[in-house]
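**Student:** Each chain, written out:
Number of protein chains: 2
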Amino acid sequence: MVAAVAAASCVIGVDLGGTKLLAGVVDEGLGVHHRATRQANGLEPADLIDACVAAVEEARAAAPGEVRAVGFGIPCLMDQRTGRGVMAVNLPLADVPFRDLMTERLGLPVIVDNDANCAAVAEHRLGAAQGASEAVVLTIGTGIGGGLILRGEVYRGAIGAAAELGHMVVDLDGPRCQGNCPNRGCLEAVASGTALGREATRLAREQPDSGLGRALASGRAITGPLVTELAHDGDEAAIEAIALIGRNLGVGIANYANIFNPEVVVIGGGVIGAGELLLAPARDEMLRRALRPSRDEVRVVAARFGTEAGMIGAAAMALGAE
Amino acid sequence: MVAAVAAASCVIGVDLGGTKLLAGVVDEGLGVHHRATRQANGLEPADLIDACVAAVEEARAAAPGEVRAVGFGIPCLMDQRTGRGVMAVNLPLADVPFRDLMTERLGLPVIVDNDANCAAVAEHRLGAAQGASEAVVLTIGTGIGGGLILRGEVYRGAIGAAAELGHMVVDLDGPRCQGNCPNRGCLEAVASGTALGREATRLAREQPDSGLGRALASGRAITGPLVTELAHDGDEAAIEAIALIGRNLGVGIANYANIFNPEVVVIGGGVIGAGELLLAPARDEMLRRALRPSRDEVRVVAARFGTEAGMIGAAAMALGAE
Chain Y
27 MVAAVAAASC VIGVDLGGTK LLAGVVDEGL GVHHRATRQA NGLEPADLID
77 ACVAAVEEAR AAAPGEVRAV GFGIPCLMDQ RTGRGVMAVN LPLADVPFRD
127 LMTERLGLPV IVDNDANCAA VAEHRLGAAQ GASEAVVLTI GTGIGGGLIL
177 RGEVYRGAIG AAAELGHMVV DLDGPRCQGN CPNRGCLEAV ASGTALGREA
227 TRLAREQPDS GLGRALASGR AITGPLVTEL AHDGDEAAIE AIALIGRNLG
277 VGIANYANIF NPEVVVIGGG VIGAGELLLA PARDEMLRRA LRPSRDEVRV
327 VAARFGTEAG MIGAAAMALG AE
Chain U
27 MVAAVAAASC VIGVDLGGTK LLAGVVDEGL GVHHRATRQA NGLEPADLID
77 ACVAAVEEAR AAAPGEVRAV GFGIPCLMDQ RTGRGVMAVN LPLADVPFRD
127 LMTERLGLPV IVDNDANCAA VAEHRLGAAQ GASEAVVLTI GTGIGGGLIL
177 RGEVYRGAIG AAAELGHMVV DLDGPRCQGN CPNRGCLEAV ASGTALGREA
227 TRLAREQPDS GLGRALASGR AITGPLVTEL AHDGDEAAIE AIALIGRNLG
277 VGIANYANIF NPEVVVIGGG VIGAGELLLA PARDEMLRRA LRPSRDEVRV
327 VAARFGTEAG MIGAAAMALG AE
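First to last, the sequence lines map onto chains Y and U.
Take the position in the first sequence, starting the count at 1, then add 26; the result is the number in this note's numbering.
Take the position in the second sequence, starting the count at 1, then add 26; the result is the number in this note's numbering.
Simulated from the structure, these hints should not be mistaken for laboratory data.
Where hints are given, some of them may not hold.
Reference listing, derived: stretches of chain Y covered by chain U, where coverage requires no fewer than 3 residues with Cβ under 8 Å from a Cβ of chain U [what the hints assert, rightly or not]: (1) 52-63; (2) 179-188; (3) 238-249; (4) 275-284; (5) 319-326.
Model, not experiment: these values are computed from the prediction.
Ideal placement from N, C-alpha and C gives every residue a C-beta, glycine not left out.
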């Protein structure tokens, strides 16, 4: 009886994304037992908190045993001294004392971390960075999130706001960055899904006879997923748009190779759906720019975990594994 | 007698620069007791090794007590697995098994590290980064060296080649970088002493009536030290050249603020002779570009140690302090 309870001991991981939230019951082997989702976009802070509580309670009711703790990955710069969100691009979490609120509402120990840090933990524990001491994880979707594993542990900086790896300028006078970022020419501004859509739209106009051009003429929105689909179908313009973003990404990877001398750089997020169409030009550009020996030592690979990386990593943190 | 020997126990720190080498006898409080210098530029590898040995032996003979170990800071990307230099921009050290050679020749324990890592250790132990857990140190001279203190310790990456902080691209299509760096638009290419000389020469041509312009017309080489001297004398063109380099530096500091969320960024090397003429525009640019809360938490300050930082830091490493 005691052994059975111990074996079923679990945590809940929650990934709070800009559009939806995903809660999962996760065991000590990082197996996922139940998933609960809620919409997150357009909510006021109080409703967002209620949605989090409801998803966790749904998951908790379905858990095979005692829930020990809850981990949240949120798309927000955290002040780890206070558990308070400081700057959130896509959700109304700035200045919300998220950790304290959740602890009170749930009556369980709560850990909160940046969602990209959570994804890095998932990749390090069981994914593409497994076994690495030094790893850089970039999660490329609408924006670019970053997570760092340094000396085998998540790196958070002085107060928990480190690893904003998408907000490294690679083009001084480049395009304005997004959301609340005051900067221009950030990696996010030139190598995100948003940048892919922008560059693909430009190529669609320049090449009206291409698949991209015909998609634009038919009134379709030129989004990252559409570009990826057309590229996999062999459209040269779509392939070129992805390669352009890949080369920009490669500049960022060269920087991180020189800065961290990592064993591996892991690329996740929606844009990695392009696979080697993105990674091959990124590797080429990195090899042209980075210094020896780092450029020869680093592997540049796709993430193992897709849309569940944040949730699984948040659970791993709640398990006290990191 | 035993107490006297213990009190006098010391190490030798050596900073092997591109033009000269400096060896110093250093006690456990990082006090410097004797200095020995040798020329280093233009030497073949064997002669360079001989010069190192001669300087260390001179320092050892002058030491007040037993010399326990020797620390070398060398301007070279190291493979710490082998103690072998992998890539050196200014000295013939690539593929030299430096640590083993020195251990054999000197009959003493030898540690070897990148010279900028050594400078970071000196600033962290007793200088501008004292007490910080997370610190970024940039040494700006002909090039830009970097050292990282993360979680209170020097960060070296997977095999010892990390913290090449001057070789972070901030301008995708910017000027070619120097020496053996294959890259373009690196921070070193736009914010080093070399970049200062280049930009000041351009301004001297554009403003022939300025102090810079008259210096150029009189046939003087427009070097970093000359620009700094003219700027301190109030020449507006020289001040503008330094401010331009400062703003470029600020882009790099914004990146490092976002990546590391450090408590302090320390600026050393010859170019910091410009003081606030460099640091004020660098801080302004950083504040315009970096994210909250990191930009509000980071101090950007001048290094405490000047030309002896590398030597003192190498000694600190030899003392086993890091």
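**Student:** Each hint should be assessed against the structure and marked as holding or not.
**Tutor:** Against the structure, the hints come out as follows:
1. 52-63: violated (count 0)
2. 179-188: holds (count 8)
3. 238-249: violated (count 0)
4. 275-284: holds (count 4)
5. 319-326: Contact hint for the stretch 319-326 of chain Y vs chain U: holds, 3 residues under 8 Å.
Hints 1 and 3 from the list above are not met by this structure, while the remaining hints are.
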